Amino acid sequence: MTHTLHRTGDLQSIKEDFPMLTHVARGFNDQGASVRLKKIAQTMTKYTDLHFGDCKVGNKYLMDSAEIMDKLTVGCQVVFKDKESLIGCMKELKQIDQGISIVVSGIFEEVFECCDKAGLKPPLIEFALGVHGNTKRLWPPEILEFVTMCGHGLVSGRLVKKMVEDIKKNKITAEKAAIELAKPCLCGIFNPDRAAKLLKRMTGQL
Amino acid sequence: MKIDLEKCIGCKKCADYCPVGAISYIQDEKNPKKKKGAIDLEECVECGVCFRAGVCKPEAIFRQEIGWPRSVRLAFSDPMIEHKNTGVPGRGTEEMKTNEVTGRFKRGTYGMAVEVGRPGVAGRLEDLEKIAISLAKIGVEFEPKNPVTFLFEDVKTGKLKPEVGKEKVLSAIIEFVVKPEQIRPVLQALKDISPKIDSVFSLDLISFPEESEKAPALKVVKEMGFPVYPNGKVNLGLGKVLNK
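The listed protein sequences correspond, in order, to chains A and B. Under the numbering used here, the letters of the first sequence match residues 1 to 206, in that order. Under the numbering used here, the letters of the second sequence match residues 1001 to 1244, in that order.
In short, the hints are calculated from the structure, not lab data. Careful: at least some of the hints might be erroneous.
[To be verified] Derived contacts from chain B toward chain A, CB cut-off under 10 Å, selection only:
hint: 1; residue: Leu1005
hint: 2; residue: Ser1171
hint: 3; residue: Asp1204
hint: 4; residue: Pro1209
Quick caveat: nothing in here was measured; it's all calculated off a predicted structure. Just so you know, even glycine gets a beta-carbon here, dropped at the ideal spot from N, CA and C.
Please work from the sequences and hints to get the whole structure.
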């Protein structure tokens, strides 16, 4: 379950990409966790509306967010595009103190700075040490930037290429194409704001 | 996944959604001028993306009955499916996400994970077996709650149950804890096995923040030519024991 790790791309793009997840610890704080998870989800979605979901339930582009919140039993995810809203969310999560683990991914320096401003001291971190094996089979870097935004691998590189083609043919806007790419990511960590910017860059709109 | 040829109208909207490119279009036997969708079951990982995409208006895409060992594809590729042994949907465990509560990773040790098939390539479990065998040879103990561990015929050797090797999944993770002195041999084993892998694998290292700066782990990682991404995961430490 390392699904928010291994996001690739240029630093500026990753600086606007902070997936956040909450997850119960089975046997430790999972009893009656639904109410706590709902409160956490309500707090998270107050600060970001880019994406929201849980892989056991579905995401906001497939079903109503209120319905997702009512069905949470294990955890949920959102994604932020800026530090200000992330810090605000971290502060409120600390204040509501629901006792369920929260994890944020992003550039370490940036996340640590946010933690510091929110008065949090992270106890554990996880590093990504690259991709190995038959790397010739990987999608090219510009497609990987999208593909790695869904750690479960549910966003197809072919769909990214199709969206790029459709934008060039004026069949779809970059914003709508980004949402289409966000739909398969059940957890809600694919960042449509970042995706729209990448699509615009790929189609000469930026 | 399968496509009902009676219902498929050959609109070609579903193929691009498939993360592994398993959907193609074949000549319709009844009307040779038309083409219809077909899923290559050897390549399909049963992730369900094509079905959930909601682009098939005649609802021709359906999930067939899946038995063992094909069910492994479903369990490791469709995050909506919960593994029976871990209770966690997806491919892994809670790993570092809940460590401030579970204490699974202790100070002075490092968590490591090798994820076969990621990013965006998918892979056969025989690739995972090659890696597991090479790690087992140097005394790595695999995380008992990881769904992959359930697939081992012999957890001490890393050998998989023979029937699952050819199964293709979006990704599957080997998780283990190492002592500082094991990091170098583990990385060397991964370096040696890397050219023999048909798919790709992503590598993770879990550490305590203060130890990661002082301890030699990252130094060893860099010395051995492994990249360290500037971005990663940070546990905020907000979890508590709440169960009575």
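Comparing the hints with the structure gives:
1. Leu1005: Since the shortest Cβ distance to chain A is 22 Å, the answer is violated.
2. Ser1171: Given a least distance of 6 Å, the restraint on Ser1171(B) holds.
3. Asp1204: holds (5 Å)
4. Pro1209: holds (5 Å)
When the structure is compared with the earlier hints, a violation turns up for hint 1 alone.
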